[in-house]
Amino acid sequence: MNRLVKTLILFLLGAFLFVRVVDGTVLYYINQRFVLLTWLAAGGFVLVAASYYLVSGRHLHAHDHDHGELTWVGLLIVALPLLLGWLVPPRPLGAAAIGNREINLGSMGSLASVAPPQAGETMGLVAGEKNILDWLNDFQRSSNPADFAGEEAHLIGFVYRDGRFADNTFMVARFTVSCCVADAAPVGLIVQWPDAASLPADQWVDVTGHLAVGTFAGQQIPILVADSITLTEPPAQPYLYL
Amino acid sequence: MDMEQTEPTPLEPQTAVSSPATRQPLWLLAALVALTAVIVGLARFTTGPLADRFQTFTTIFLGIFIEAVPFLLAGSVVSGLIEIFIDRDLLARLVPRRAGAAALAGALMGFAFPVCECGVVPVTRRLYHKGLPLSVGVAFLLAAPVVNPIVILSTYAAFGWGPVLIGRVVFSVLIAFIAGLLFNLAAPEEALLPAAQDHHDSDHHHAAGETGKLAEERGGKEKGYGRFWQALAVGGDDFMDMVRYLIVGSLLAAAMQTLVPQSTLLALGSGPIISVVILMVLAFVLSICSTVDAFLALSFVNSFTTGSILSFLVFGPMVDIKSSLMFLGVFRKRTVLYLILLPMALSLLMGVVINSL
Numbered sequence: 370m371n372r373l374v375k376t377l378i379l380f381l382l383g384a385f386l387f388v389r390v391v392d393g394t395v396l397y398y399i400n401q402r403f404v405l406l407t408w409l410a411a412g413g414f415v416l417v418a419a420s421y422y423l424v425s426g427r428h429l430h431a432h433d434h435d436h437g438e439l440t441w442v443g444l445l446i447v448a449l450p451l452l453l454g455w456l457v458p459p460r461p462l463g464a465a466a467i468g469n470r471e472i473n474l475g476s477m478g479s480l481a482s483v484a485p486p487q488a489g490e491t492m493g494l495v496a497g498e499k500n501i502l503d504w505l506n507d508f509q510r511s512s513n514p515a516d517f518a519g520e521e522a523h524l525i526g527f528v529y530r531d532g533r534f535a536d537n538t539f540m541v542a543r544f545t546v547s548c549c550v551a552d553a554a555p556v557g558l559i560v561q562w563p564d565a566a567s568l569p570a571d572q573w574v575d576v577t578g579h580l581a582v583g584t585f586a587g588q589q590i591p592i593l594v595a596d597s598i599t600l601t602e603p604p605a606q607p608y609l610y611l
Numbered sequence: 014m015d016m017e018q019t020e021p022t023p024l025e026p027q028t029a030v031s032s033p034a035t036r037q038p039l040w041l042l043a044a045l046v047a048l049t050a051v052i053v054g055l056a057r058f059t060t061g062p063l064a065d066r067f068q069t070f071t072t073i074f075l076g077i078f079i080e081a082v083p084f085l086l087a088g089s090v091v092s093g094l095i096e097i098f099i100d101r102d103l104l105a106r107l108v109p110r111r112a113g114a115a116a117l118a119g120a121l122m123g124f125a126f127p128v129c130e131c132g133v134v135p136v137t138r139r140l141y142h143k144g145l146p147l148s149v150g151v152a153f154l155l156a157a158p159v160v161n162p163i164v165i166l167s168t169y170a171a172f173g174w175g176p177v178l179i180g181r182v183v184f185s186v187l188i189a190f191i192a193g194l195l196f197n198l199a200a201p202e203e204a205l206l207p208a209a210q211d212h213h214d215s216d217h218h219h220a221a222g223e224t225g226k227l228a229e230e231r232g233g234k235e236k237g238y239g240r241f242w243q244a245l246a247v248g249g250d251d252f253m254d255m256v257r258y259l260i261v262g263s264l265l266a267a268a269m270q271t272l273v274p275q276s277t278l279l280a281l282g283s284g285p286i287i288s289v290v291i292l293m294v295l296a297f298v299l300s301i302c303s304t305v306d307a308f309l310a311l312s313f314v315n316s317f318t319t320g321s322i323l324s325f326l327v328f329g330p331m332v333d334i335k336s337s338l339m340f341l342g343v344f345r346k347r348t349v350l351y352l353i354l355l356p357m358a359l360s361l362l363m364g365v366v367i368n369s370l
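Just so you know, the sequences run in chain order A and B. When you line the first sequence up against the working numbering, it's residues 370 to 611, in that order. When you line the second sequence up against the working numbering, it's residues 14 to 370, in that order.
Some hints here could point you the wrong way.
With the Cβ distance kept under 10 Å, some of the chain A side facing chain B (calculated, not the full set) [to be verified]:
| id | residue |
| --- | --- |
| 1 | K375 |
| 2 | T376 |
| 3 | L386 |
| 4 | V391 |
| 5 | I399 |
| 6 | F403 |
| 7 | T407 |
| 8 | A411 |
| 9 | R460 |
| 10 | R533 |
| 11 | V582 |
| 12 | V594 |
| 13 | I598 |
Read the hints as simulated data drawn from the structure, not as lab findings. Where is the CB? At the ideal position from N, CA and C, for every residue including glycine.
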């Protein structure tokens, strides 16, 4: 019984990881450079589960008492990731998670230095186009928000608003993730758009426009004056990677 | 989550217990159904801030779990390989006898076993089981998550060759060395849980898992692939023993992240002492794997003191929510307390001293 349950749990953990990798939702949780590890772990779980079968099949009778016994409380705990994983529909972090975190709006020179973005992260955008993080990095290297006035920008992100936003502004936001969502940090640009108030939080949008100098929370920063906004589905890869 | 109930049961030797299957199946079934109902209710039939929080919590919890579980599995498999393939006499010969040399060896052992803070726990437990001295294991446990090729490389990638990289490695070794030495001098009795103890000292075999004991009984008679499968099965037992601590730790870390705004922590100030305290608290709460925490620390560089960043990089891998919970699977509670407080005090001291230079 004990052995059977352990085999089953190990196998289910492997299956869980496997399904998440195959349907791509593993990218809702971790940086894509660790996906290989998830693959290996999925295979590892299946191997370990198989080893139980291979070893115990021959020697199960050899004991008079069991150690490493899985208690019921232990079983409940171990079942938690499986339950949460399968019962809660996978969704990337959204506007609700921003409330708990410091937003990086790229105010001049305040941004921490970040490693250069890796190739291939601009999925969903035309190759070579700058994403939110690229813009923020550019802003940080400059000291004058007016340096960017008039430049064209095309950004994809989700809508975030809070009490500080006027009716005609919202933030087009993304999370940066270096390891897993535990270290997610929101980044965004303030977008000016007449109907901003009608956009629901967490809605993914495709914004085209040009940069201008604007004011947010008393600070002069570059903002994006939108020419067009299209509602879109969340990209397959919802986070930006540092 | 009631740790009182979950912590000792699987690891204390249980003699003559009836199989739990015959004891509480209804209770389990009820709890499972209740849990499922709560999760489904929160995930599918609730809207508003509560549902949002629950969704965020779930995503962060699964994020930490999915990120960490391959490392724990790898550590468990290494543990299984040690059990089957490493001879205890060999280990006894390799470990230095003098206190200082032993603690130093423990602190540098990470080069031989490249594991992070999740993987190091089952490996340490298995090495204890093979007769490794307590102090050496303590130094290994604390240092290995930093002093190993993978983490050094990722720190190099983030910070380049400089004071942060050198400081991280040197101070991790130093603090682990001091902790190992103190454990050696204090020589506490009964620091380990019975399951982790050197079973050769007792007439009753307390292997960490039934499979471990099995391997023991068979005296490695299996050959070739058989021994490999045995190692995997021992690793599986280890994994099942440790994963509950990882899960509870991930739950706590995710709950903290969902409930406590990061900005309140970060806004508290950048004084030479308070900044160290803040980043140490953050390291403890975030529970990020040591292989990647350097990239996160990078984002603090402009707003925090050098000492606090080093404390984050040295203390975080030694102790955080999930690793301190996993310690409970190896050590007794009092020892776990020392294992948290010692590195905490030493890292704080280090950070403050660096800031005042």
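Enumerated hints in conflict with the structure, sorted upward: 4, 10, 11, 12 and 13
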